[in-house]
Amino acid sequence: MSKTLRLFHRIRGGIYPPRNKHFTRERPILKIEAPERVVIPLQQHIGTPCKPRVKKGDEVGVGTLIGDAEAYVSSPVHSSVSGKVAQVAPQPHPLGGDKLAVIIENDGLYTPDPSLRAPYPWREMPPEEIRKAVRSAGIVGMGGATFPTHVKLSPPSDSPIDTVIINGSECEPYLTSDFRLLVEEADLVVEGLNIIMKAVGAGKGIVAIADKKIEAIENVEATARGTGIEVFPLKTRYPAGAEKVLITNVLGREVPSGGLPMNVGVVVNNVGTSHAMAHYFAAGLPLVERVVTVNGSAVVNPSNLMIPLGTSFSAAVEACGGFREPPGKVIMGGPMMGLAQYTLDVPVIKGTSGILALSVEEAGYRIPTEPICIRCGRCVDACPMNLVPTYLASYTHAGKWDELRRFNILDCIECGCCTYVCPTKNPIVQLVKTGKAELARMKRREDKRKEELAAVDAEGGGDDGE
Amino acid sequence: MFRYVLSLGLRLTLVCLVAAIGLGLTYSAVESRIVEMELEERGKAGKEVLAPLDAKPQEIDEGELAALQEKFPELVSVFEGIDENGNLVGYAIVVKGKGYSFFTMAVGVDMEGKVSGIEVVQHEETPGLGGSVVENSEFLYQFIDGGPEDFVLGEGIDAKTGATMTSRGLTDGVNYTLEIWRDITLKGGQ
Amino acid sequence: MGDRKSATGELTNGLVRSNPLLVLMVGLCSALAVSTKVENCIFMGVAVIFVLVCSNVIISLIRRFIPDQVRIPIFIVIIASFVTIVDLTLKGYFKPVYDRLGVWIPLIVVNCIILARAEGYASQNRVRYAAMDGIGIGLGYTAVILIMAVFRELMGTGQIVLFEKTIINFGTSSMPVIFIMFPGAFITFALLAAALQWYQDRRKPEEGGGS
Amino acid sequence: MDWSLVWKALLALAGAGILLGVVLAMASRRFHVEVDPRVEEILRALPGSNCGACGLPGCEAAAEAVAVGDAPPTICKAGGPDVASEVGKIMGIDVESVIPMVAHIHCRGGRSVSPIKAIYQGVNSCRAAETAMGGGKACPFGCIGLEDCADVCPVNAIAFDDDGIRRVNIRKCTGCGLCADICPRDLIEMVPRYQATFVRCKSRYTGKKALQLCKVACIGCKRCEKVCPHDAIHVEYGFATIDYGKCTNCGECVQECPTGSIQLWVEREDHPEGGEFVLPRKRKKDKKKGSEEKGGSSEETAKAPMEPGDIGSGDTVKEGESPDEQGEGGFDTGSKSSQAC
Amino acid sequence: MTENKLVVSTSPHIRDTANTRKIMLQVIIALAPATIYALVIFGLPAFWVLLASISGALLGEFAMQKGRRLPVTLSDGSAFLTGLLLALTLPPELPWWIALVGGLTATILGKQIFGGLGHNIFNPALVGRAVVFVSWASYMTTSYFKSAAIGIANTSAHQHIVDLVSGATPLAAMKAVYDPAGATFVPQGLNASNYYKPLLLANPWGCIGEVSALLLILGGLYLIATRIIDWRIPLTYVGTVAVLTAFTGRDPLFYTLSGGLLIGAIYMATDYTTSPLSSRGKVIFGLGLGLMTFLLRFWSNNPEGVMFSILFMNGMVPLIDRYILPRKYGKLRCAEEGG
Amino acid sequence: MAPDMNEAWRYFLLFFGAVLVYNFILIRFIGLCPFFGISNRLETSIGMGISVVFVMVMATSVSWVVWNYVLDPLGVGDFLYIPAFILIIASLVQFVEMVIKKTSPPLYKAMGIYLPLITTNCAVLAAVIESVRPGFFKMNIAYNHTFPEALVFTIGVSLGFALVLILFSAMRERLDLAPVPKFFCGIPIAFIAAALYSLAFMGFTGMFGL
Ligand SMILES: Cc1cc2nc3c(=O)[nH]c(=O)nc-3n(C[C@H](O)[C@H](O)[C@H](O)COP(=O)(O)O)c2cc1C
Ligand SMILES: Cc1cc2nc3c(=O)[nH]c(=O)nc-3n(C[C@H](O)[C@H](O)[C@H](O)COP(=O)(O)O)c2cc1C
Ligand SMILES: Cc1cc2nc3c(=O)[nH]c(=O)nc-3n(C[C@H](O)[C@H](O)[C@H](O)COP(=O)(O)O)c2cc1C
Ligand SMILES: Cc1cc2nc3c(=O)[nH]c(=O)nc-3n(C[C@H](O)[C@H](O)[C@H](O)CO)c2cc1C
Ligand code: SF4
Ligand code: SF4
Ligand code: SF4
Ligand code: SF4
Ligand code: FES
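Listed in order, the protein sequences are those of chains A, B, C, D, E and F. Here the numbering used here is used: the first sequence runs in plain steps of one and ends on residue 711. Here the numbering used here is used: the second sequence runs in plain steps of one and ends on residue 191. Here the numbering used here is used: the third sequence runs in plain steps of one and ends on residue 213. Here the numbering used here is used: the fourth sequence runs in plain steps of one and ends on residue 376. Here the numbering used here is used: the fifth sequence runs in plain steps of one and ends on residue 1011. Here the numbering used here is used: the sixth sequence runs in plain steps of one and ends on residue 212.
Taking lysine-lysine and the DSS-like style, the derived pairs with C-alpha atoms no more than 27 Å apart in a straight line are: (1) B:Lys48 - C:Lys97; (2) D:Lys207 - F:Lys184; (3) F:Lys140 - B:Lys72; (4) A:Lys645 - D:Lys207; (5) D:Lys257 - D:Lys281; (6) A:Lys645 - F:Lys111; (7) A:Lys296 - D:Lys243; (8) B:Lys48 - C:Lys167; (9) C:Lys39 - B:Lys45; (10) A:Lys693 - D:Lys281; (11) D:Lys257 - A:Lys296; (12) B:Lys45 - C:Lys167; (13) A:Lys300 - D:Lys257; (14) A:Lys300 - A:Lys344; (15) F:Lys140 - C:Lys39.
Some chain C residues close to chain E (C-beta under 8 Å, calculated; not the full set): (16) Ser176; (17) Pro178; (18) Val179; (19) Ile180.
Calculated directly from the structure, the hints in this document are not laboratory data. Just so it is clear, CB atoms sit at the ideal spot from N, CA and C, and this is done for glycine as well.
Generate the whole structure from the sequences, applying the supplied hints.
In structure tokens form, the structure reads like this:
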């Protein structure tokens, strides 16, 4: 039955942008050294920011805890180099704004923190312990959203997880870091999948890989032979890797609106996350480095690099031979969902899957300064979430918030398909983001107003305060 | 409370009373005039189409008209044409017809069944198209002195280009009156 | 709201500042339907002015006698009575016009109720002002439908025929007939309304570009 | 004369009058619904424009809320103090003490003083730019300058000069607070109408770093805090904030501020915006230079921190400025001109 | 400009190469064969109509945009396409000034007054056509080709009617065959199947664009293949008409090939701006169009009803777009829940 | 059977004609004020549409009775029909308003605000006059002013009114987002849209011989 469902129940939308993976596809992961100074932001995840645990002048080693928070939805931060803390101060952050970061002078020795030790072999650990270990390793989702993985691995008892999917689709153009991991270290990825399955008590594990990545599929199939882990070849199409799309295409299940994968008994994790997990359980080193694809027409020598966190973008590009020409746009992540940076001084963080430097020419196309739409309907057809993107843009622009809710703006995954296909280059995603932010602000304001009213009531008088 | 309601009601009633008296008086003052106008209005078309016969229209009685209307639903009214000597010299027949939209037309027919006059009393044809046809005596002249055989569009009657529907509607209307005329005269003959 | 000062003020007020058609947006139906012919508009305008003035005067005369609760029914009766008088008069003396205006004559009652009601709210006006106001509003209505009718009849037929006399004749039969048809009525009114917005905008230049 | 008709008419109309009167009278008693008469009254006192600034669906809803006690009589900000006091009267609450509020924008960093960090491409709106690294201007806390506040203002009270410095015309501002709600950087605050001393910066950076990003920033030096005789100004989160309840507008802090971040608002009858900011050179709260020209607040007078050389070349790519290879795409970008009604 | 500053914008940072102009160009290309063929058959008069209509459309667009001080976007091709489509729906021997007024009305009243490309509610070309149709109905119904049939499609029976009545299109002739009571003339010995060949290959008795159904269909297939238009609207529209006509005992093939149905279904009902956005909406739109055309063709005063159908359904689009949305993702809950 | 079919067909045509061919708003120009006043939001239009159907049907029923059993037999119809009908409509509206206010507050919330608007809507009065009083009916179809006919006609008219009202409000909501030329913002553009839509409705002229 499930096979037929898989055939019939597929996500309709999606696009086929030029994939541009050939520059780095064949390039093995190269480990690079950290620069003189690393800048490690105290927030590299979704959730409560960490409080610094070190101060200026402290000596740190590789893996030393430098930031942590009490909150559950949070993830600690560790030093990626050994050396001395130079400063704790706000620094430009690749996600925007200036955020508190620990700046460390690298002594170039990479002395591990003495307190580090390999954890118990995970097979003997109860799920609870595994989650604790995952948290203390600072592991967060490396697919881009940087959601703390230990939270994901703790499903409430009323939503049992039956399937874990490793998301190896890497549907973004230009990016090849997950692909390289699957080719070079498939064993660790499969190991990580096993850990996750154990942690959530799932019986089924699937590695979903785009069908064009034949080496990766063969490699993982070979590694996983006999373990009961399945490899699922995905049709190569953007956004095959988006969580909801992935689940529907692989399992024929639809995550309810506003819901989470766990509501349909699934956990999805990125290849990098799985790899980091296995690496931690094997070597005991917390998450202090990650694979980053440095790519784009402005880069001399596009490569896949293993980069210590906190390394600046400029150092990473330097390691690839520098710029061929002054870049027009530098993006953290892929071209479809990545964030454009205004400076190269931002550090690589846990969620940096790629650094993309586009030439001035590629960056120079004009974006309309307000929504323009000829109602061609392409965005509607492209949207994997079956929304009406053009309305979301127009209604945001017109400030019609009720209409936005009516048209389910909150279901938008900001994949960018609509904007990609639009013949008038309507900046839909930007307006959707704006609209979502505005709705959130309104909600906050509303809550505040209610609170205030309640407070007035409590005081027991219709007084004339401000 | 009751007195209050009573006072409201009384005042309202008083206004109604005054209005009723005023209106009643006005109506009775203009009533005869209205009836007259209506008669004149209806007779006017008859008068015009019977003018070539030097006859005055005189409405046939209601029972007769009702009987005819039973048979010819589009019939509006029939007038007898009486000349100075009191002789019946023809009929004016008023019918409704449909071209592009509708019209009401009066056709004068003499005792031989020849069309003595045609007048479109009221119409909603498109101005400039059908409108210019119903107001265009050139087209209507084609019927004068024709009959009692039916007219055929395209043979003897030339349709106006661009307003064939109106032309056809008018032709059909004339033929319809001729049919009514036959019915009346047949009965009269018996 | 309107500061009621002088009788002439009342008059111009109805003509422009609170023009029933363009500003208050009442009486649209008859305006659009009747303005196919200038002739119709003259009769319609006179009818509306008559009803408005008479009912305004009467209402103003008996305003102290009208209890607030039954204000509306009394207005209705008074206005309907005058409309009926117009109705009967036209029927008796101008039968062709009566036939052409058809249902629009009885429908005058509806517009006038709205206008008179606003009157009733506004304040206890003295008879003189009330009459002037009636004339003003009535003239405002008439002026607009006349403008519309002149435009529509000319554009649509190339000529203006008044009481069976051709006043203006372009001498062509190829005018865009659409102007005397339904869409033409809407378009003409849209143009007028746009012109009014343009006029108002020009009169207060303070708010320049902006949103 | 046909009198019988008159009689019949009398019968019919008077009958109808009586019947309707009785039926309606009875119905009105039978179906009477008690409504708070105050709702009507309040509704009449409100402006009736249903602007929604109060956060309720319309004036009627607001009137109901006030009558029931769910909302204070001052709920209608658009109506200003007059309406508030009238509503207060209806509700039997004294609202004489209500001070009218106006909007104040806590940033004065124009393009010329806060260098640009990047070329922003995208929707012409501050809130939208906030989703793209905050647009092009260097200061991450300052005004983005894409005029969302001006667009939302129902009375066009906010104007921008060529340098991108915003001013609120306090004569026009009704205190509705819509602009304060919309600013993505929370720069706009509703302040008492007669407050005169303002900190015109909200940069969380201190010292040199703050100055790097904007030459007129508050550097958090706390000198104002020390000189204030009324304990009304405090530096928190890197910038100074005035407690308007305590501030007496004595101007001590204005004199003290090294970057000119604190300024005095001077009312001017003749000024089209109701007044302007001045930065007194000496201990004189006088009005120097009544410079009327646009953007000519007298800021330059003190420590003119501006260098003519770096007048920012458009930090945002607006229409027409960028390579026109999309001209073929055939859309217009005529920014504000083609907005919906 | 600002040297060496990076560009910031929101994702996505790459875009498809499609743009408005390319799309319009494709449609013009699809229409080119039919247009050229029509010019060959109708000759100079049709050329003047074409020229007047297109210049009217361009002029209207230009004047409005200049007047509003907006950037002039003639180069996007949409006004040109509007003018072209309008011309294709006009009779070949129409006086040029009517075509000019049509073109002007199309872009001014049909498009720019609503705010320009993407904002109009009614199909501009059809607004232009409807306005001149109503304004100069006599020209519009009589300016058809009057000379003898052309070699490839000689229908002597129809030729006879053309000689008899001005402006007799095949549809009008068949209306007379089926409903002699309501018709203006009764053609003798005429049969719907007589028309198949001329309608497909060369039909001189109709509007400029109706000369060859085959070329129109080929153009349509090209547009569908290049994904410029969605197949749903043409298919449901033509399908509904065919089914309903067959159901009432008429000849479905004749009624799908004749009149403005194909040009309307393929090129006008599919106009982006005035058709629904969602696939489901498009199907409903097509069904509504089919029903309206069926009703209007057989029971209204005019033999043809495509123009009024499309305008009528255009008015429904905002409502359709509001209530007929794509199926929302996340409604279907766990299909496999049982296991 | 056959006559019944004919009768049914006649009723269908009466209905069809009232909804489309003789659409009150676009073809007959009746009821324009509330139409342009209310048609800018879809929700309101739906509420108004329902209210109009309701009031029109009730008003016609009552007026039919009054005309046929009071005014006409007394011979005073010719000069009392205007005050009589408008009074009936006004009191009916007021009565309905009071009743639903008392019995169903939610319904009152939905419909109540539109009721006063309906009194001053000439569509209701026109529907009553045309369907009840001889001499005003427009369509080209046999019509004898019987009760069922009046009812079918009124339902058709009111549904036609509601239909166009609702279509139009959806249209105007879209127009709200459009950069319409400044002086055409608001009312003028609504009239332009109405013009074009009435152009589309002209296609129905003479349909089914109506
Ligand atoms: C506010 C928030 C709460 C979340 N809560 C959970 C959770 O309780 N369990 C879980 O498995 N994932 C949770 N997630 C993670 C999401 O399922 C998802 O994996 C994450 O947003 C990254 O998805 P993406 O990379 O597709 O954007 C949460 C995400 C967010 C933003
Ligand atoms: C449009 C879109 C595309 C995505 N593409 C990928 C992808 O190619 N690979 C991937 O691992 N995650 C991708 N993600 C993130 C996944 O949805 C999901 O969050 C992630 O696989 C969860 O794993 P993590 O928590 O380990 O990051 C994408 C998300 C979105 C919204
Ligand atoms: C708005 C409009 C109004 C029309 N008015 C009329 C009319 O009044 N009379 C008429 O015969 N045809 C009228 N027509 C119908 C066409 O002109 C019809 O096709 C024509 O009568 C047939 O052409 P023919 O007369 O040249 O054979 C009208 C058409 C339209 C679109
Ligand atoms: C497939 C397609 C069909 C079109 N059809 C029309 C049409 O029927 N009438 C028209 O004026 N423009 C048409 N256009 C051009 C353009 O979309 C039109 O000017 C817009 O409706 C104006 O907003 C069409 C464009 C495309 C891509
Ligand atoms: S960005 Fe949002 S609206 Fe656009 S295609 Fe993706 S999910 Fe749909
Ligand atoms: S793809 Fe662009 S032009 Fe097409 S409907 Fe969507 S927003 Fe409009
Ligand atoms: S939006 Fe305008 S009126 Fe309202 S507070 Fe701001 S400046 Fe004042
Ligand atoms: S909304 Fe805020 S950021 Fe935008 S211009 Fe106004 S004050 Fe500046
Ligand atoms: S509704 Fe106002 S005049 Fe008809």
